[in-house]
Structure formats: structure tokens, C-alpha cells
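Chains as they are written, first to last, in my numbering: chain A, 1 to 306; chain B, 1 to 226.
For the record, the hints were derived by calculation from the structure and aren't laboratory data. Please note that the accuracy of each hint is not assured.
As the list claims (entries may be wrong) - Quick list of in silico lysine-lysine cross-link-like pairs, DSS-like style, CA-CA up to 30 angstroms: (1) B:Lys223 / B:Lys94; (2) A:Lys47 / A:Lys259; (3) B:Lys182 / B:Lys223; (4) B:Lys71 / B:Lys129; (5) B:Lys46 / B:Lys205; (6) B:Lys130 / A:Lys10; (7) A:Lys10 / B:Lys205; (8) B:Lys157 / B:Lys130; (9) A:Lys65 / A:Lys87; (10) B:Lys79 / B:Lys116; (11) B:Lys182 / B:Lys130; (12) B:Lys116 / B:Lys94; (13) A:Lys10 / B:Lys223; (14) A:Lys10 / B:Lys71; (15) B:Lys71 / B:Lys46; (16) A:Lys10 / B:Lys94; (17) B:Lys157 / B:Lys223; (18) A:Lys10 / B:Lys79; (19) A:Lys10 / B:Lys129.
Predicted model, so just to flag it, every value in this text is computed and none were measured.
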Amino acid sequence: MIRTIVRVTKYAFQNFFRNFWLTVATLIVILIFLTLVNVVISINYMKSVALEAFSERIDISLDFKQTITEYEILALQDALKKNEAVKSIEMITPDENLFSFQSRYPELSEKILPVLDTNPLGYSLIIRAREIEDYAGILDSIESDSSITDLLYAAPQLLDTRAITVTLAAVIEKINQVASGFAVIFFFIAIVIIFNSIRVSIYTQREEINIMRLVGATNTFVRLPFMIEAALYSIVALALMTILAVIALPLVDAFMNEKIFAGFTTLDVSNFYSTHYIEIFGTQFLGLIFLTAASTIYALRRYLRV
Amino acid sequence: MIELREVTKRYPPKTFALNAISLSVAPGEFVSVVGQSGSGKSTLIKLLMADERPSEGHIILGGWDITRIKKREIPVLRKQIGVIFQDFKLLQSKTVFENVSFPLEVSGHRTAEIRKVVTQLLALVNLSKKKTSFPHQLSGGEKQRVAIARSMVHRPKLLMADEPTGNLDAIHSREIIDLLQKINSFGTTVLLVTHDREIVNMLNKRVLTLDSGHLISDQRRGKYLL
Numbered sequence: 001m002i003r004t005i006v007r008v009t010k011y012a013f014q015n016f017f018r019n020f021w022l023t024v025a026t027l028i029v030i031l032i033f034l035t036l037v038n039v040v041i042s043i044n045y046m047k048s049v050a051l052e053a054f055s056e057r058i059d060i061s062l063d064f065k066q067t068i069t070e071y072e073i074l075a076l077q078d079a080l081k082k083n084e085a086v087k088s089i090e091m092i093t094p095d096e097n098l099f100s101f102q103s104r105y106p107e108l109s110e111k112i113l114p115v116l117d118t119n120p121l122g123y124s125l126i127i128r129a130r131e132i133e134d135y136a137g138i139l140d141s142i143e144s145d146s147s148i149t150d151l152l153y154a155a156p157q158l159l160d161t162r163a164i165t166v167t168l169a170a171v172i173e174k175i176n177q178v179a180s181g182f183a184v185i186f187f188f189i190a191i192v193i194i195f196n197s198i199r200v201s202i203y204t205q206r207e208e209i210n211i212m213r214l215v216g217a218t219n220t221f222v223r224l225p226f227m228i229e230a231a232l233y234s235i236v237a238l239a240l241m242t243i244l245a246v247i248a249l250p251l252v253d254a255f256m257n258e259k260i261f262a263g264f265t266t267l268d269v270s271n272f273y274s275t276h277y278i279e280i281f282g283t284q285f286l287g288l289i290f291l292t293a294a295s296t297i298y299a300l301r302r303y304l305r306v
Numbered sequence: 001m002i003e004l005r006e007v008t009k010r011y012p013p014k015t016f017a018l019n020a021i022s023l024s025v026a027p028g029e030f031v032s033v034v035g036q037s038g039s040g041k042s043t044l045i046k047l048l049m050a051d052e053r054p055s056e057g058h059i060i061l062g063g064w065d066i067t068r069i070k071k072r073e074i075p076v077l078r079k080q081i082g083v084i085f086q087d088f089k090l091l092q093s094k095t096v097f098e099n100v101s102f103p104l105e106v107s108g109h110r111t112a113e114i115r116k117v118v119t120q121l122l123a124l125v126n127l128s129k130k131k132t133s134f135p136h137q138l139s140g141g142e143k144q145r146v147a148i149a150r151s152m153v154h155r156p157k158l159l160m161a162d163e164p165t166g167n168l169d170a171i172h173s174r175e176i177i178d179l180l181q182k183i184n185s186f187g188t189t190v191l192l193v194t195h196d197r198e199i200v201n202m203l204n205k206r207v208l209t210l211d212s213g214h215l216i217s218d219q220r221r222g223k224y225l226l
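Model the full assembly from the supplied sequences, consistent with the hints where possible.
If you want it as C-alpha cells, here you go:
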């Protein structure tokens, strides 16, 4: 048994290195497949980073009447925190609101504020939801509660915000659907590519397979070297992919951060890959092993008359 | 050694490659099978190595009725007979040594034993110096000698040669026939399928003549009739 394993492994390595150009051609196809898979993974990661950054910039701003006291605001803040969809609530004092207004509209401030005796702005609460799709629910609960809306200075703003968040949630859902659709289509294309590549590799060696059978090799003895060779393809292709990722990902990060995400958020695909290396490449390795092994068994059936 | 009883090989719908052939070959004989293209010579070899099954009749090899041999028994049969072909059928990605040792490796023989047997056989076919060469680096005659060495690794009682000189010039053909005669002199039964008149006449041994799937002649010390 051990002797057989050693010998079929030796045959696999011999085939791998001696059929050099066939090996190179097969490896290139698998490498292209892996590259495309990792492009999809990277784009998916970039999408989630972008959405997270975008989500951070969305909030529900409740501007209260000037007459509402800090005590009432704190009580309301505690009540709103009980909603599980609420991630955080930040309280802005009237002074902070005034400072912010002056910073944003300096000319207007110079004209208006001297006319007024006191700070016209009240307290504000900035509410952030855990998930982007939670905003609509939080808005609904606030709108339907007259004990809150009665305290607000500018209720109509709520409706506008809700429209934006609902639309945004729908857009994100669409993006996810399209991305998932592409991933599924791509997965099937990849299976066909790998399957055919292995088939071509075995087809070119059909004469050798017949000769092995003619001189008394059992089907197992013929099949096993091809199976091990397929595993070798997977290991080497994945190693090459890792090297390619180490070289390319910092360049991708630099390009995306300079051209696409500048001033919005910072992308770090390299770090994502290094912290998720086992999950990302482990899954790809298992998938590749399964795919190449299944392709090998299927392609050999014809020549082994199983 | 070989016994065929009323063996017919029919390909649908009505093509008879062999038609009710009966013959027997004794152990240690050297028999030439001659005939024109399509006479059934190669079909006979395919039936004897269980690459095809007869439509009718019985085939017995060394006392074993292989007429309805099971698929899992075919590797066992092929370890007991040696076969060489016109196109050599060498494994192109393996060296001379590896080609010859392959049948022993698949049979699970020990490495030391394989090395000993293969070294002896390569010496027999005078290819010791080419053991690390690949088939594409050899001449036609050398390739056929590798094939003969490989066919002999299991020390078979029967060696079948299907047009072994078909791709060779006269000098290399003579080398191969001399080698087959040498192997026959050790006691191995040799079945030589050929359409080379000169070789058959030179051998002056038993000749079976096939024509359109029929055995039309069986001469003890025969000549090429057709």
C-alpha cells in the first residue's frame, strides 16, 4: 500500500515536471480563474468598506425647540437607547450647534446673530442605526410618537431623511443582488473553464493511459497519479496566486485610495487578505481540489471505461 | 499454450474480422501469423490480450478460458503475456528504464528486485547505455527493443508481436527478429504477426495464414503464401 502510494506520487511529480508546457498551460488557466475569484472577493470587500463609510455619514438629526431643557433631552436619549436598532446617540448642546452654524455659514451668521439677543438654536440628538436598513424603522417610531415630535423644532426634515435612507437601503440591496448574481454566474463559468482545462490535459495523455492499461496497470494505478497531479496544480496555482496577491494588493490599495476613496475612507485590501488568509485561500484551495479532482475522475472515466 | 475453438469476431452489422477460427499453439513454439491487411491478424492479437471479446467460440490461454474474462481479471492476464506493437506503445514521458520497470511497479514488486530484472533485460536487448534516454531520443529499432524488454519483465510464457518490424528498416527488422528468436530459445512461446514475406521465409517455422477472417493454411515449416 505504502509502496503504491510512493510510486503513484512519483508518477504524478514526473508528469507534472516532464509535461512542462502542458503543466504551464493548465496552471495559467487555473491562475486566471483564481485571479478572477480574488477580484470578486476584493470588489466585495471594497463594496462593504464603502458602504460602511457611507453608513457612518448617515444619521438622524433631531433638532429640538429652544425651550426644551437638558433634563428632558437626557430622558429622551435614555428612552431612544432602548431601541435595539439604535447604535449610538450623540447629544449636541445649543452652544455647539451655534458654533457649528457659524462655521458653516459665516456670512449669514454675521447678518442674523447680532439681531437676536439669545442663541436661537436648541439641543440636537444625532442618532446612528446599527444597520442602514434600520433607519426607516427608527424614523417611523419617532414620527409616530407625539411625545417626541411635539418637542421637535423641524419635523418635516424627518420625512426627507427617511426618503433618502429608504432609497439608499434599496440601492444597497440591488448592489448586493447584482454582485451575488455575478458571483454565481462567474462560479459556473469558472467550473467549466477548470473542467475543460483538466479534460484537455488528460485528453493529450489518452495514449499513455491506454499503454498503461495494456501493460497491466489497474484503474487505480492509472487514476491516482492524475488525481495527485490535479492536487499539485491546485497547490502550485494557489502559491502563485499568493505571490501575485502580495505584489498586487498594495498597488491596488494605493491606486484606490488615491483615485477612488480619497477623502472618503481608507481602503486596506492587503490587511483584509493578511487577516483572513486562512479563510480566503483555504476555501479556494478546498474548492479547487474538489473541482480538479471531480474533473479528473470524470475525464478519466472515458479512457478507463469505468 | 493457446487454443482457439471456433472463434468468431463479428462487428455489427455483418463484418466478420475472424470467422470460426480453430487452432492451437504448443508451449515453446514460434508461430508466424500472416495475411493481408484486414485479414484478421490484429483482431486475433486483441482477442488474445482481452482487448476485445469474441462474438462466438472459446479462447483458452495456458489453461485459462478467457472468453468471458472479467474486467478486473484483465490486468492479471496482461501480466502473464507479453505484447509488442508496430508503434512500440512506449510511455513518452518516461525514460527507457522507467518504461521497462513500469509493469513491475504497477504489480507491486520491490524496488531492488525491479532494478535487478530491468538491468538484466536492458542488457539482453543491448540498451544498458540508453536507460536514461526518453523514447523520442531513440531510433525505431531501439524503441522496439525497449518494448520487447518491457514485454518480458514478467517472464511471460507467451510473447505476442503485432507487426513489430512494420516501422523498421531491414537491418533493424533483422535485429528484432533475432531477439525474438533468442527469447523463444529460452522457452517462451512467440506469436509473430507480420506481413513481411522475407522474414517469414527466413524463419522457416510454423506459419498460420489468414484471409478475410478465415484460417486458410497452417504449415509446420512454412513460407509466405499470399
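- Message: To test your reading of the hints: which numbers does this structure violate?
- Response: 1, 4, 7, 13
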